[in-house]
Amino acid sequence: MSPRQVFPALSLHAQALQCGRGGTVLGRPVDLAVAPGTALLLRGPNGAGKTTLLLTLAGVVEPLEGNFALRGWDPDEGPVLHFCGHRNAVKPRLSVRENLQFWAQVNGGGGLAVPQALEQVGLDMLANLDAGYLSAGQGRRLALARLLVSPRPLWLLDEPTAALDRDGHALVGRLIDGQLDAGGLVIAATHDAIALAGPGRATTLTLERAP
Amino acid sequence: MNAFGATLARDLRLALRGGGDVLTLVLFFVIVGVVVPFAVGPDQALLARLAPGMIWIAAFLSMLLGLDRLFRPDHEDGTLLLLRQADLPLPAIVAAKLVAHWLLAALPLLLASPLLALLLSMDLASFWRTLLSLAVGTPALAAFGAIGASITVGIGRGGLLAPILIAPLSVPVLIFGVGAIPAGPGPDQSGSALLFLAAISLIACATAPFAAALAINAGED
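Protein chains in written order, with our numbering: chain A, 1 to 211; chain B, 1001 to 1221.
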């Protein structure tokens, strides 16, 4: 596997970042440094603030204290990140292909074509099925396919392996590897072990509940 | 422009596949027209005088009914969160949804209004005038509705709150909307009322996407 750099070298830094929802402090302040081509796995018990940290990095929730910065990205180049939350943002009345097509158009495409992305996540046989008939795991796969159709350097994944089978776990590992090969960053909150190609590619940050 | 079109097409497709949604608003609109002659009595002259106001009230209430499906389904399945990271700025996406909302919630009412005109024994001249004032005024109702819906999208059962928020904003639309239909004796000011109505619509449609996007961004925290 030869590393190919397609994203500009980008790194994420945070100092004493304190997250919270609705004024309530969650977890302890965290320091982050994520270099290009590496992944950060967030671990910790329920309620430790993993999702909130991801939402904070996505710019959805304001940090209570501290700050974070993304170095090496010009805001004029458009949105930098993909957020993949625990809600799949899949419309049951649209077909699998229409769902993905919509996101390709709205997010600007430029990555895999829709049929190839569906093939990657193993949904190519179901492209014409209404997404309402998908199982939880298949819906998750469709949400992951969205990451492939529009390349963006930073992926924020919230429980990417939730509802996925063993094969799906391997798929998530492959997708993250592909993103890292391209020089992107991945921050994933997960309770499962994610197998990546190299041992040095991922660091783990364990969040704790606020005292 | 591609993303704008995609958002618009998706909203239209979702609503039309839902089937019932669009029809519910039209039925509600027509039912008001059916009920009024029974409540007011069969006096044709009186009905004809009330008709423009009745049609506007029916349109206003029907459009309130459709508000909840503007942002709430997207909020509930996480789409709204992801749209904030879209290539297209959020106000442009809201604008696309606003256009779709008008096409789904107001255009069917315009198409159904001849039925109401018949039930309320309007004459042809004031029917055309009513149709014109509805066409000019409903974009303002849709825009104000989008603001109300975006503010309440994060609140459970906010669907009841949005109409209360936007009712005061909608009052001028109703005043000038009915005023744009010439009625009875006295000086005819319907021309200037129509211009005012058009001005309200333009201002509302120009500012609502930004206001609604701001409310959506602020609402998540």
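None of these hints come from the bench; they were simulated from the model. Where hints are given, some of them may not hold.
[Claimed, not checked] Taking beta-carbon pairs under 10 Å as the criterion, some of the chain A residues facing chain B (in silico):
#, residue
1, Q18
2, N67
3, R71
4, H82
5, V90
6, P92
Keep in mind the model is a prediction, meaning the values are calculated, not measured. Cβ atoms here follow ideal geometry from the backbone N, Cα and C, with glycine treated the same way.
To see whether the hints hold, each was checked on the structure:
Using the Cβ-Cβ criterion of 10 Å, the hint placing Q18/A at the interface with chain B is not satisfied: the shortest such distance is roughly 15 Å. Using the Cβ-Cβ criterion of 10 Å, the hint placing N67/A at the interface with chain B is not satisfied: the shortest such distance is roughly 17 Å. Restraint check, R71/A versus chain B: the minimum CB separation of about 19 Å is more than 10 Å; hint violated. Among the interface hints, the one on H82/A holds; its C-beta lies about 7 Å from the nearest C-beta in chain B, closer than the 10 Å criterion.
The restraint placing V90/A at the interface with chain B holds, with a minimum CB-CB distance near 7 Å, inside the 10 Å limit. At about 9 Å, the closest approach between the beta carbon of P92/A and any beta carbon in chain B falls short of 10 Å, and the interface hint on this residue holds.
The structure fails hints 1, 2, 3 (numbered hints given earlier, in ascending order).
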